[in-house]
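Chemist: So the chains spell out like this:
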Amino acid sequence: MKAVNLVRWETMLAAVLIAAFAIFSALSPYFLSVDTLSDATFNFTERAIVALPLALLIIAGEIDISVAAIIALSSVAMGLGSAHGVGTVGLVGIGLGTGLLAGCFNGALVTIGRVPSIVATIGTMTLFRGAAYAVLGDRVLKDYPDSFAIFGQGYLIGPISIELALFALFAILFGLFLHRTRWGRVVFAVGANPVASRYSGISVNRYRFALFALTGLFSGLAAILLTSRLGSTRPSIAQGWELEIISMVILGGVSVWGGKGSILGVVLAALVFGLMTFGLGLMNIPGIVLSIFTGFLLILVVAVPALVNRR
Amino acid sequence: MSVTFPRITDSARRDLAFAVLTLALFLAVTMAFPGFATPRSMAGLLDDTAILIMLALGQMLVIMVRGIDLSIAANLALCGMMAALFNRAWPGMGVAPVFALSLVAGGLLGACNGLLVWKLRLPPIVVTLGTMSIYRGAIYLLSKGAWVNENEMSREFLAFPRGEFLGVSVLSWISIAVAAAFVFALQRSKAARDLYAAGGNPEAANYSGIDPGRMQFLAYTICGAIAGVCGYLWVARFAVAYTDSALGFELSVIAACLIGGVAIAGGTGTAVGVVLGCLFIGIIRSSLPLVGISAFWQMFINGAVILVAVLLSARQRQFKRTILEARA
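Just so you know, the protein sequences line up as chains A and B, in that order.
Using the numbering used here, read the first sequence as starting at 58 and increasing by one per residue.
Using the numbering used here, read the second sequence as starting at 1091 and increasing by one per residue.
Think of the hints as simulated: they come from the structure by calculation, not from any bench.
Just so it is clear, CB atoms sit at the ideal spot from N, CA and C, and this is done for glycine as well.
Careful, some of the hints might be misleading.
Stated by the list, open to error - Rough simulated footprint, nothing fancy, chain B against chain A, three-plus residues with beta-carbon under 8 Å: (1) 86 to 96; (2) 172 to 179; (3) 186 to 192; (4) 297 to 308; (5) 334 to 348.
Using the sequences plus the hints, can you model the full thing?
Modeler: As structure tokens, then:
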């Protein structure tokens, strides 16, 4: 029954995607061109890259509200590194390293400190974003080396940007990991019933810690892409993204009760999100109108199974 | 009336310790900077903290029954916009109808959250994430993206929260009244005991004739009504209403609750603790410039305070689930 619901939701997302595609192509003559569609991918790939590990974390019954703050912290760290003459390779190391450390900090709070993850990460969200503000104040860092721009602005082949290629690569890797490996099954088990998992010999806390670290690492990666694309760092960078990224994951059919979800759903939700934002933008409808649609969709994704199960 | 719960006395002990800590912080700052304790600057501190106090009290009710309201700031902004538009259309009608409108509208928006959580048993975090987006979008549709500025607001509309009585602003008096009502009602009323019971152990509450879902509905509705009133007060205080008013404030409100000792697992929380939590944040905020630390450190310090508070309370209790709670 549950599996059937999940399949249904992904089919629904695919239908929404196709419908949106058809409607926008009919309404705007500029929509259906390779260059336009390629541009459209930039407005969601960075968020979608964080949505992948976050989906695993939510399936495992945890949540991370601090992802956007980690992006800000990593970006500030890279900005400071760059101001001290660190080269592009070094900056990538700083970005990923900061994200990983921040993720490990979250993981330690939840596993060793035994703080509920929503509480812990609201705390670290304030701490990390606060650190970005404390260090930068109202300054802007923008002395990035020219070669650093490639990650957020470069193209791999033709119209396929490096950002999009990275997202596609990681979507496949995460999909294989979650749905085809033993570790992926353990992630589901931990989320569905942590107590039973522990009794079956799974070191639940080790998985939790690793997933927080992974989410931090990918937030660091998103920070590299975003900073490289914008070419500057302000402490307010990626403000409000945490709830957008979580929305993306839930829209993908991942259950906040844990133990349920698929990478395909998250990828489809990311595509719907990106396509709708871009299409509405082409028609001069501001993004905030889309948020009404997103809001209804969010409630729908949890209400439909609830209504079906009731009967 | 004389019924007491062990967990409430635990909370009382925590409140006392936190009160001593807050007082110590206050005295330390006052000792170093005597100008800090003047009635003028105290009134300013209270005025700055008043809206946070009211919102945090509303949020506390929701968290107490194992929910969370992420839509609280969007609700505030939507009701604030309604109040501003109403006032622009009928400037002669005074403050009373504006106040009533924001109260009722906020209550209805909160009730929407409550109904979805109660009747469909949907996860609170998803419901309020959804309504947060919808309410924000509704502000845009209502205002067509335009700002309502000071010159479009009537004099009474702007003056009401700023009026002074005994040297303290009306806004502060409203928050004092709300806080007093919470302290009294949470200790004395049957509804409050039902709320604590429903949050502490929904199954046991169910067997003793309390519908936990109905309690959640009640909490969301009250929280919404408070957010609605704060919407008008916010717009009048800052003399502007726009789509992004109080953007992201929901997480600050939740953070204030956490500092005030409200446990996300439900069933605990006191009005005194939450008010102290807000005052603690307020004292730090207004003393930073005196101590010579840039205001940009405020958020970092808040984060550190939250983490210390939640680490301490995590040591004291064992929790079952980490992502909000298991199905009620």
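Chemist: Against each hint, give a clear statement of whether it holds in the structure.
Modeler: Structure-based check of each hint:
Under the rule that three or more residues need a Cβ within less than 8 Å of chain B, the assignment of the segment 86 to 96 of chain A is violated, with 0 such residues. Figure legend: the segment 172 to 179 of chain A, annotated as covered by chain B; annotation consistent (7 residues with Cβ-Cβ distances under 8 Å, at least 3 required). Coverage of a stretch by a chain is defined here by at least three residues with a beta carbon nearer than 8 Å to that chain's beta carbons; for the segment 186 to 192 of chain A and chain B the count is 5, and the condition holds. Coverage of a stretch by a chain is defined here by at least three residues with a beta carbon nearer than 8 Å to that chain's beta carbons; for the segment 297 to 308 of chain A and chain B the count is 5, and the condition holds.
With 5 residues bearing a CB less than 8 Å from a CB of chain B, the segment 334 to 348 of chain A meets the requirement of three and the coverage assertion stands.
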